[in-house]
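Trainee: As a plain string of letters, each chain reads:
2 protein chains.
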Amino acid sequence: MSVVALAGGVGGARLVDGLDRVLPPGSLTAIVNTGDDFEHWGLHISPDLDTVMYTLAGLSPEDRGWGIDGDTFEVLREVRCRGIDDWFQLGDRDLVTHLVRTQALALGQSLTQATAKLCDSLGVERPILPMSDAPCPTSILTKNGEELAFQEWLVKERAAPSVSEARLGGMGETTAAVLAALKAADLILICPSNPYVSIDPILRLAGVSEAVRRTPTVAVSPILNGNAVKGPLAGMILEIGGRPPSAESVAIHYNGLLDGFAVQHGDSFGAAYPTLETNILIQTRQDRIRFALELIEFARDLT
Amino acid sequence: MSVVALAGGVGGARLVDGLDRVLPPGSLTAIVNTGDDFEHWGLHISPDLDTVMYTLAGLSPEDRGWGIDGDTFEVLREVRCRGIDDWFQLGDRDLVTHLVRTQALALGQSLTQATAKLCDSLGVERPILPMSDAPCPTSILTKNGEELAFQEWLVKERAAPSVSEARLGGMGETTAAVLAALKAADLILICPSNPYVSIDPILRLAGVSEAVRRTPTVAVSPILNGNAVKGPLAGMILEIGGRPPSAESVAIHYNGLLDGFAVQHGDSFGAAYPTLETNILIQTRQDRIRFALELIEFARDLT
Numbered sequence: 001m002s003v004v005a006l007a008g009g010v011g012g013a014r015l016v017d018g019l020d021r022v023l024p025p026g027s028l029t030a031i032v033n034t035g036d037d038f039e040h041w042g043l044h045i046s047p048d049l050d051t052v053m054y055t056l057a058g059l060s061p062e063d064r065g066w067g068i069d070g071d072t073f074e075v076l077r078e079v080r081c082r083g084i085d086d087w088f089q090l091g092d093r094d095l096v097t098h099l100v101r102t103q104a105l106a107l108g109q110s111l112t113q114a115t116a117k118l119c120d121s122l123g124v125e126r127p128i129l130p131m132s133d134a135p136c137p138t139s140i141l142t143k144n145g146e147e148l149a150f151q152e153w154l155v156k157e158r159a160a161p162s163v164s165e166a167r168l169g170g171m172g173e174t175t176a177a178v179l180a181a182l183k184a185a186d187l188i189l190i191c192p193s194n195p196y197v198s199i200d201p202i203l204r205l206a207g208v209s210e211a212v213r214r215t216p217t218v219a220v221s222p223i224l225n226g227n228a229v230k231g232p233l234a235g236m237i238l239e240i241g242g243r244p245p246s247a248e249s250v251a252i253h254y255n256g257l258l259d260g261f262a263v264q265h266g267d268s269f270g271a272a273y274p275t276l277e278t279n280i281l282i283q284t285r286q287d288r289i290r291f292a293l294e295l296i297e298f299a300r301d302l303t
Numbered sequence: 001m002s003v004v005a006l007a008g009g010v011g012g013a014r015l016v017d018g019l020d021r022v023l024p025p026g027s028l029t030a031i032v033n034t035g036d037d038f039e040h041w042g043l044h045i046s047p048d049l050d051t052v053m054y055t056l057a058g059l060s061p062e063d064r065g066w067g068i069d070g071d072t073f074e075v076l077r078e079v080r081c082r083g084i085d086d087w088f089q090l091g092d093r094d095l096v097t098h099l100v101r102t103q104a105l106a107l108g109q110s111l112t113q114a115t116a117k118l119c120d121s122l123g124v125e126r127p128i129l130p131m132s133d134a135p136c137p138t139s140i141l142t143k144n145g146e147e148l149a150f151q152e153w154l155v156k157e158r159a160a161p162s163v164s165e166a167r168l169g170g171m172g173e174t175t176a177a178v179l180a181a182l183k184a185a186d187l188i189l190i191c192p193s194n195p196y197v198s199i200d201p202i203l204r205l206a207g208v209s210e211a212v213r214r215t216p217t218v219a220v221s222p223i224l225n226g227n228a229v230k231g232p233l234a235g236m237i238l239e240i241g242g243r244p245p246s247a248e249s250v251a252i253h254y255n256g257l258l259d260g261f262a263v264q265h266g267d268s269f270g271a272a273y274p275t276l277e278t279n280i281l282i283q284t285r286q287d288r289i290r291f292a293l294e295l296i297e298f299a300r301d302l303t
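Heads up: the protein sequence lines correspond to chains Y and C, in order. Quick note on this note's numbering: the first sequence kicks off at 1 and runs consecutively. Quick note on this note's numbering: the second sequence kicks off at 1 and runs consecutively.
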């Protein structure tokens, strides 16, 4: 069975990590959101790609959703001494990822090629594909009428300004690698990532939602008992979707795309398709493996 | 009195540092070689500009000719883990300089502007001007017929391959800032830097040697009692110049440009212009100040 996972940051990375451990070699591809990508200190940062890579490499910290466990911050300290923008914290080891990526792009390589090279240097064997090689910058329109680049809103402004819209930018060509993975897919999994700013940027690329419609697709709810595990999603469902933060609201957002849905114990609703109700909290690697096995078993019955 | 110093790396930086401490504000400009500039990890490195800046900022180590005293090497350590080229050692604090410069250049600023910005962030007030805003890469032709970029020869190959020629590349326009400084100069000092790869790249730029000819010019010998204080100069005088490494050989190289020459005790020769024979070793700041005062006094009598 060939499985494609559509993924954003931490939640996506954790599910991909679980799948990575239970699926046979060659059967899993992660297509990762690049709408959060931005330039910082002149470097090309891909927060979601990095989170997925670091998680699969076993380098992600347990206690925060970014960077490398045990990283040092000597460069950041000097940046602060010199009065340079320090709102986005890059660790010293993490920085090497951005240097390698920026250099590869400057030499004319694609983001897909740069990501393969980075995975290789980190010992990550599963294909991790950026959703696009072209810039697709997501911005946040606030209720005050400001438009902020996504990372500025999320990190610099700590997601405080109320959101009226997530504006998905760019309209790059879908890459050959992404299209090939989708074509070969027997199952598409929509990871427990933010629908507005992690999954929608992937779905809107040419050919992706078509592939989702023709392929058995299961989503995992990023909302558990009314709360997001991490990040600003609960508030965004209220502010953008005008609905209470719930698994059902997420399902409504994915209207017409799903053949199955995995939710936390107690979050079932009267869906028109099968629902897997279980413990979908996957912070530890043990839980990731346990849930990935349940999810694959559930999905196998649908395909 | 308006003084312009033509400078390369460590020796140049130390003389500029001494002059910086004895000349009144507004009277000193350093024009610095950029023939050694190169790209590493996708960053624009300007070794000589950095050495001059760090020395004036009081950040240079006593025991080595590059980087920042007490710097850490966390990024380099990760670079090594990932199997990336590690022959040019960049410290974590040093790295910020290259990030800032690379970003400024990518945004369309000139190297002159980027250098001013860096000086500002390091608290360096004297104007430090790159000799050119355009690439002028120096390469080394070896006796084996190889052509190596200068830093590759110097650092990666540890200056081991015998040299047949220093090839000075590019022919950028002399910048307005350099021409203005030279025009205003009452005195030009040629620092104790490598004539072939630090000073010649400056002298060959349009308008520079003309300015040197029309302005009282004093050189400081980079050879002391037959040896270079640092670097590969002694061998290069033999291999390129076909002469013994001596202050006199350096003076012959600068044939027709000098109105005075400062040499180490015992290094006088029958020059046709006044010679200052003193202790020209300027490793400590105390020695730099002492020698700068002597040099300015000597030069004042010539102008």
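Fair warning: there could be bad hints in the mix.
As the list claims (entries may be wrong) - Below, a list of computed lysine to aspartate or glutamate pairs in the EDC-like style, where the Cα atoms sit at most 20 angstroms apart:
#, chain 1, residue 1, chain 2, residue 2
1, C, Lys117, Y, Asp86
2, Y, Lys117, C, Asp85
3, C, Lys156, C, Glu146
4, Y, Lys117, C, Glu146
5, C, Lys230, C, Glu157
6, Y, Lys230, Y, Glu62
7, C, Lys230, C, Glu152
8, Y, Lys156, Y, Glu248
9, Y, Lys230, Y, Asp69
10, C, Lys117, Y, Asp85
11, Y, Lys230, Y, Glu248
12, C, Lys143, C, Glu125
Worth flagging that the hints you see were computed from the coordinates, not collected in a lab.
Trainee: Run every hint past the structure and note whether it holds.
Mentor: Okay, the hints, checked on the actual structure:
1. C:Lys117 <-> Y:Asp86: holds, 17 angstroms
2. Y:Lys117 <-> C:Asp85: Distance ~15 angstroms between Lys117 (chain Y) and Asp85 (chain C) Cα, so the pair holds.
3. C:Lys156 <-> C:Glu146: Holds, at roughly 14 angstroms.
4. Y:Lys117 <-> C:Glu146: Given that 20 angstroms is the threshold and the Cα spacing comes to 30 angstroms, the pair is violated.
5. C:Lys230 <-> C:Glu157: Given that 20 angstroms is the threshold and the Cα spacing comes to 16 angstroms, the pair holds.
6. Y:Lys230 <-> Y:Glu62: holds, 13 angstroms
7. C:Lys230 <-> C:Glu152: The given pair, whose Cα atoms are some 17 angstroms apart, holds under the 20 angstroms limit.
8. Y:Lys156 <-> Y:Glu248: With Cα atoms ~31 angstroms apart, Lys156 (chain Y) and Glu248 (chain Y) exceed 20 angstroms; violated.
9. Y:Lys230 <-> Y:Asp69: Holds. Lys230 (chain Y) to Asp69 (chain Y) sits at ~18 angstroms (cutoff 20 angstroms).
10. C:Lys117 <-> Y:Asp85: This hinted pair holds, its Cα atoms lying about 15 angstroms apart.
11. Y:Lys230 <-> Y:Glu248: holds, 18 angstroms
12. C:Lys143 <-> C:Glu125: violated, 43 angstroms
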